[in-house]
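Whenever a hint applies, use it, and build me the whole structure from the sequences.
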Amino acid sequence: MVSITKKPLQFIQTHKKVVTTATKAVKTGLAVKKAVTDGFEAAKSVSAKGLKGATTAAREAASKAASSPTGKLGMMGKLKIGGSAVSVVTGLTKLPGQVGAAGKDIRTAMRTGSRQDIATAAKSTISAAQTTVSTTKGALTTAVTAQKLIATNRAATAAFKAAVPGASKAVTSAAGRAAMTSVFSGASASVTKKATVSAVQLAAKETGTVAKAVAGSASRAASKAALREGGKAAAEAAVRAGAKAATGALAKGAARFAPGLNVAIAALDTANAAATLADPKASTGSKITSVITAVGSIAAATNIPIVSQIGAGVSAVSSFVGSFF
Amino acid sequence: MSKSSKKSSGRSLPHLLKMSPMADALASGPVTLPDVKAPSLEGLKVTVPARADLTEDDLLRRLHELKREHASMRDRAVGEQVALGDEVQLNTLGYCDGKLIPFSVRVGLWLELAPQAPLPGFAEAIAAGTVGDSLEVNLVLPSDYPVEWMRGLPARFVVDLKAAREVVELGDETPALFKALGRGTTLDAVMTSIREELEDELADSLTLEGQERVLDALVSRAKLTVPSTLVEEEIRRRWGQQEGKLLGELGFDAEEQREAMLGWLNDPATRADAEHRLQVALVLRAVAAQAHLELTPAKLEHIAQVAGAASGLSAEQVRAGLRESKDLTAQMAQTAWHLLAVEHVMAAAQVTYEGA
Numbered sequence: 000m001v002s003i004t005k006k007p008l009q010f011i012q013t014h015k016k017v018v019t020t021a022t023k024a025v026k027t028g029l030a031v032k033k034a035v036t037d038g039f040e041a042a043k044s045v046s047a048k049g050l051k052g053a054t055t056a057a058r059e060a061a062s063k064a065a066s067s068p069t070g071k072l073g074m075m076g077k078l079k080i081g082g083s084a085v086s087v088v089t090g091l092t093k094l095p096g097q098v099g100a101a102g103k104d105i106r107t108a109m110r111t112g113s114r115q116d117i118a119t120a121a122k123s124t125i126s127a128a129q130t131t132v133s134t135t136k137g138a139l140t141t142a143v144t145a146q147k148l149i150a151t152n153r154a155a156t157a158a159f160k161a162a163v164p165g166a167s168k169a170v171t172s173a174a175g176r177a178a179m180t181s182v183f184s185g186a187s188a189s190v191t192k193k194a195t196v197s198a199v200q201l202a203a204k205e206t207g208t209v210a211k212a213v214a215g216s217a218s219r220a221a222s223k224a225a226l227r228e229g230g231k232a233a234a235e236a237a238v239r240a241g242a243k244a245a246t247g248a249l250a251k252g253a254a255r256f257a258p259g260l261n262v263a264i265a266a267l268d269t270a271n272a273a274a275t276l277a278d279p280k281a282s283t284g285s286k287i288t289s290v291i292t293a294v295g296s297i298a299a300a301t302n303i304p305i306v307s308q309i310g311a312g313v314s315a316v317s318s319f320v321g322s323f324f
Numbered sequence: 000m001s002k003s004s005k006k007s008s009g010r011s012l013p014h015l016l017k018m019s020p021m022a023d024a025l026a027s028g029p030v031t032l033p034d035v036k037a038p039s040l041e042g043l044k045v046t047v048p049a050r051a052d053l054t055e056d057d058l059l060r061r062l063h064e065l066k067r068e069h070a071s072m073r074d075r076a077v078g079e080q081v082a083l084g085d086e087v088q089l090n091t092l093g094y095c096d097g098k099l100i101p102f103s104v105r106v107g108l109w110l111e112l113a114p115q116a117p118l119p120g121f122a123e124a125i126a127a128g129t130v131g132d133s134l135e136v137n138l139v140l141p142s143d144y145p146v147e148w149m150r151g152l153p154a155r156f157v158v159d160l161k162a163a164r165e166v167v168e169l170g171d172e173t174p175a176l177f178k179a180l181g182r183g184t185t186l187d188a189v190m191t192s193i194r195e196e197l198e199d200e201l202a203d204s205l206t207l208e209g210q211e212r213v214l215d216a217l218v219s220r221a222k223l224t225v226p227s228t229l230v231e232e233e234i235r236r237r238w239g240q241q242e243g244k245l246l247g248e249l250g251f252d253a254e255e256q257r258e259a260m261l262g263w264l265n266d267p268a269t270r271a272d273a274e275h276r277l278q279v280a281l282v283l284r285a286v287a288a289q290a291h292l293e294l295t296p297a298k299l300e301h302i303a304q305v306a307g308a309a310s311g312l313s314a315e316q317v318r319a320g321l322r323e324s325k326d327l328t329a330q331m332a333q334t335a336w337h338l339l340a341v342e343h344v345m346a347a348a349q350v351t352y353e354g355a
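Same order as they appear, the protein sequences are chains A and B.
Okay, so the first sequence: first residue is 0 according to numbering that gives the first Met the number 0, each after it adds one.
Okay, so the second sequence: first residue is 0 according to numbering that gives the first Met the number 0, each after it adds one.
Do not take every clue at face value.
[Stated by the list, open to error] To give a feel for the contact side, a few chain B residues facing chain A, derived at Cβ under 7 angstroms:
1. Val30
2. Gly93
3. Ala124
4. Ala127
5. Leu134
6. Glu135
7. Arg155
8. Ala202
9. Ala280
10. Ser324
11. Met331
[As the list claims (entries may be wrong)] Heads up, simulated SDA-like pairs for lysine to any residue below, C-alpha to C-alpha not over 20 angstroms straight-line:
12. B:Lys244 / A:Ala274
13. B:Lys325 / A:Ser317
14. A:Lys103 / B:Gly131
15. B:Lys298 / A:Phe324
16. B:Lys98 / A:Thr107
17. A:Lys223 / B:Gln349
18. A:Lys223 / B:Thr351
19. B:Lys98 / B:Glu147
20. A:Lys103 / B:Glu254
21. B:Lys298 / A:Ala232
22. B:Lys44 / B:Ala216
23. A:Lys223 / B:Ala355
24. A:Lys103 / B:Glu255
25. B:Lys298 / A:Gly321
26. B:Lys178 / B:Glu196
27. B:Lys298 / A:Glu235
28. B:Lys298 / A:Arg239
29. A:Lys280 / B:Glu315
30. B:Lys98 / B:Val139
31. B:Lys325 / A:Thr283
32. A:Lys223 / B:Pro48
33. B:Lys44 / B:Ala355
34. B:Lys44 / A:Leu226
35. B:Lys98 / B:Leu264
36. B:Lys98 / B:Trp148
37. B:Lys244 / A:Asn271
38. B:Lys44 / B:Ser219
39. A:Lys223 / A:Val213
40. A:Lys280 / B:Asp326
If you're looking for bench data, these hints aren't it; they were derived computationally from the structure.
For glycine and all other residues, C-beta sits at the position ideal for the given N, C-alpha and C.
And the structure:
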């Protein structure tokens, strides 16, 4: 079951805080509505209703679901029926101060999940029971409201999948390839398809512009790739593709958070290049180095193992490098 | 090209785990690499399967990204509520089944606060926070979570909400938006431009897949077995460079670091990936040696210029960057060697693209 509360530990029992929490939930609701207009869903609606229609439609949908008194039950029912991949938020707690990830005590407490450990780590005297979901009317209302808002946003943005364009396939390898693909595209494919059917149909009826544009695109792309064949042209195309990927959507994809899945080795060089390029304090040398490193990861179909550099030995590299200075 | 020196033949897993992980990872010496006979490049042919056509979603997603790219940003103040749609900067780490989740440690991670397909609910939970908050987010992972052992399990994350930027996009279908995008003055023109761009990227992707298939074919010809000690050494060094460094900054003690490193060493996908990368690198090394390939300064400069131009760096910047630091130039040279070998192999291979 979804439950979500925001409860600063030190004030959890006070009525004032419950009211504050409820207010924040409402603010969250506003944020959700706004996000719907900001998100991919709005862009997706362009094809169906034009850009002007997208904002209105998304706002109406969010508002309707958020104000429904049966929103919680409806949402849970849909989840069960749909059988879709749903991660359930069972709790959200604000930790005191900014201890967070850098606090050894907090990390130790997180292992066990013991509220007492967390409270102790936070140097608080709050008992374990006090940090569980409260059943007071105010808190319950807050939780339900938050659930509805989350569900609303989840439904409205179901089509947003953390996709990495085709280049992702080239930077992943072996077993990691399949896993990464499932995270960045496959896992939500069925949900996405369902959510976008209506937009696709409407677009075809009303304008058809986008649908016409994408027809035959795979064949045209294959022809472009075939034209590059022949050693140097293909190699340069690969370097260029690697550099573009390092600054584009692939780098954004690398920033997606999928704990437990090692996208690090496959994609961190790329993410690092994007971050270095965007860093105004980074030197030109570090920028071009990070790009070339990312290109190596992508255009050579693998990042180069640390233990096995293909290049010349230390003295030869030193001599080679010397020619630049 | 000379061979690497051979002081040690790699270390056993128990030995690696006894040492102070970060200290050891930073003190990496040479290792013994297996002798590999360069496989023949004759008759190297691969076929790249046809891809599906682009979809409407592909085009519309790019439009969404472009609109964000040209949006105005406002830094949110400490204590200010964040919202879905913001760009947020996070520090994260997660625990599952009483253990640190491998690859869950991220420091200074910037991302769009939007629903994450593999982790639904996570972004929505963070959206309840304010800048400066440290949050504990508890989730039950979905039954089809991409990491099998974590499916259906409760997971607990610490999320430091370090910074956030409110994103205000340009008005829909306005001259200001079209001007900023620079892709025409109508929605049709913009979508056509996006389609062409995505087709180019798809062609790039096919080119890269062709290379990948050629290198895979080459590796299978070499019939190469990489020792597990070498695989572990590679993973350990990668861990030290990437996660180990971050954990040191977060004050993880030796025991916590060891646990984190073990998470990498025991992850099947990570092992498979490291083994594959070693196979490719060792075979390319053998091919380069046999063909007496030589990297010239002009070649490195050319590669840097191609990569730099595609990344938005000017020719002058690239020239200066190549001469800024000997260490950085040496690093670039190593990558360029690798690319030179790939180019040599690809010149001998024949790639067919289905659907062309």
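Now the hints, each set against the structure:
A least Cβ separation of about 5 angstroms between Val30 of chain B and chain A falls short of the 7 angstroms threshold, and the interface hint therefore holds. Using the Cβ-Cβ criterion of 7 angstroms, the hint placing Gly93 of chain B at the interface with chain A is satisfied: the shortest such distance is roughly 5 angstroms. Using the Cβ-Cβ criterion of 7 angstroms, the hint placing Ala124 of chain B at the interface with chain A is satisfied: the shortest such distance is roughly 5 angstroms. Look at Ala127 of chain B: its Cβ gets to within about 5 angstroms of chain A, closer than 7 angstroms, so that hint holds up.
Because the beta carbon of Leu134 of chain B sits about 6 angstroms from the nearest beta carbon in chain A, less than 7 angstroms, this interface hint is met. Interface hint status for Glu135 of chain B: upheld, as the beta-carbon distance to the closest one in chain A is roughly 4 angstroms, under 7 angstroms. The beta carbon of Arg155 of chain B is positioned within 7 angstroms of a beta carbon in chain A (closest approach about 5 angstroms), and the interface hint is therefore held. For the restraint placing Ala202 of chain B at the interface with chain A, the shortest Cβ-Cβ distance is roughly 4 angstroms, inside the 7 angstroms limit, so the hint holds.
For Ala280 of chain B, the suggested interface contact is upheld, since its CB lies about 5 angstroms from the closest CB of chain A, less than 7 angstroms. Using the Cβ-Cβ criterion of 7 angstroms, the hint placing Ser324 of chain B at the interface with chain A is satisfied: the shortest such distance is roughly 5 angstroms. Hint status for Met331 of chain B relative to chain A: holds, with the closest Cβ pair at about 5 angstroms, below 7 angstroms. For the proposed pair Lys244 of chain B and Ala274 of chain A, the alpha carbon gap of about 17 angstroms is at most 20 angstroms, so the pair holds.
Simply put, Lys325 of chain B and Ser317 of chain A have alpha-carbon atoms about 8 angstroms apart, close enough for the 20 angstroms limit, and the pair holds. This hinted pair checks out: Lys103 of chain A and Gly131 of chain B have alpha carbons roughly 18 angstroms apart, not beyond 20 angstroms. Annotation: proposed proximity of Lys298 of chain B to Phe324 of chain A holds, straight-line Cα distance about 16 angstroms (limit 20 angstroms). Annotation: proposed proximity of Lys98 of chain B to Thr107 of chain A holds, straight-line Cα distance about 10 angstroms (limit 20 angstroms).
Our distance criterion of 20 angstroms between C-alpha atoms is met by Lys223 of chain A and Gln349 of chain B, whose separation comes to about 16 angstroms. The suggested pairing of Lys223 of chain A with Thr351 of chain B holds, with an alpha-carbon distance near 12 angstroms, which does not exceed 20 angstroms. For a cut-off of 20 angstroms, the pair hint linking Lys98 of chain B to Glu147 of chain B stands: about 15 angstroms separates their Cα positions. For the hint linking Lys103 of chain A to Glu254 of chain B, the alpha-carbon distance of about 12 angstroms falls within 20 angstroms, and the restraint holds.
Restraint check: the Cα-Cα separation between Lys298 of chain B and Ala232 of chain A comes to about 14 angstroms, which is no more than 20 angstroms; the hinted pair holds. Taking the CA atoms of Lys44 of chain B and Ala216 of chain B, the gap is near 8 angstroms; set against the 20 angstroms cutoff, the hint holds. Restraint check for Lys223 of chain A and Ala355 of chain B: the C-alpha separation of about 8 angstroms stays at or below 20 angstroms, so the hint holds. Distance check on the hinted pair: Lys103 of chain A and Glu255 of chain B sit about 10 angstroms apart at the alpha-carbon level, within 20 angstroms; holds.
Of the pairs offered as hints, the one joining Lys298 of chain B and Gly321 of chain A holds, with about 15 angstroms between alpha carbons and a cut-off of 20 angstroms not exceeded. For the hint pairing Lys178 of chain B with Glu196 of chain B, the CA-to-CA distance comes to about 18 angstroms; that is within 20 angstroms, so the pair holds. A threshold of 20 angstroms between alpha carbons decides the hint, and for Lys298 of chain B with Glu235 of chain A the separation of about 12 angstroms falls inside it, so the pair holds. The straight-line distance between the Cα atoms of Lys298 of chain B and Arg239 of chain A is roughly 15 angstroms, inside the 20 angstroms bound, and the hint therefore holds.
Between Lys280 of chain A and Glu315 of chain B the alpha-carbon distance is near 18 angstroms, which keeps this suggested pair within the 20 angstroms criterion. Restraint check: the Cα-Cα separation between Lys98 of chain B and Val139 of chain B comes to about 15 angstroms, which is no more than 20 angstroms; the hinted pair holds. Distance restraint check for Lys325 of chain B and Thr283 of chain A: the Cα-Cα separation of roughly 13 angstroms lies within the 20 angstroms cut-off, and the hinted pair is therefore satisfied. At most 20 angstroms may separate the alpha-carbon atoms for a hinted pair to count; Lys223 of chain A and Pro48 of chain B meet this at roughly 14 angstroms.
Annotation: proposed proximity of Lys44 of chain B to Ala355 of chain B holds, straight-line Cα distance about 16 angstroms (limit 20 angstroms). Of the pairs offered as hints, the one joining Lys44 of chain B and Leu226 of chain A holds, with about 16 angstroms between alpha carbons and a cut-off of 20 angstroms not exceeded. Between Lys98 of chain B and Leu264 of chain B, the direct Cα distance comes to roughly 15 angstroms. Compliance with the 20 angstroms bound is thereby established for this hinted pair. A hinted pair counts as satisfied when its Cα atoms are at most 20 angstroms apart, and Lys98 of chain B with Trp148 of chain B qualifies at roughly 12 angstroms.
With a C-alpha separation of about 14 angstroms, the suggested pairing of Lys244 of chain B with Asn271 of chain A holds against the 20 angstroms cut-off. Distance restraint check for Lys44 of chain B and Ser219 of chain B: the Cα-Cα separation of roughly 13 angstroms lies within the 20 angstroms cut-off, and the hinted pair is therefore satisfied. In summary, the hint linking Lys223 of chain A to Val213 of chain A is supported, as the alpha carbons are separated by about 16 angstroms, within the 20 angstroms threshold. Among the hinted pairs, Lys280 of chain A with Asp326 of chain B is consistent with the structure: their alpha-carbon atoms are about 19 angstroms apart, no more than 20 angstroms.
Checked against the numbered hints given earlier, this structure breaks none of them.
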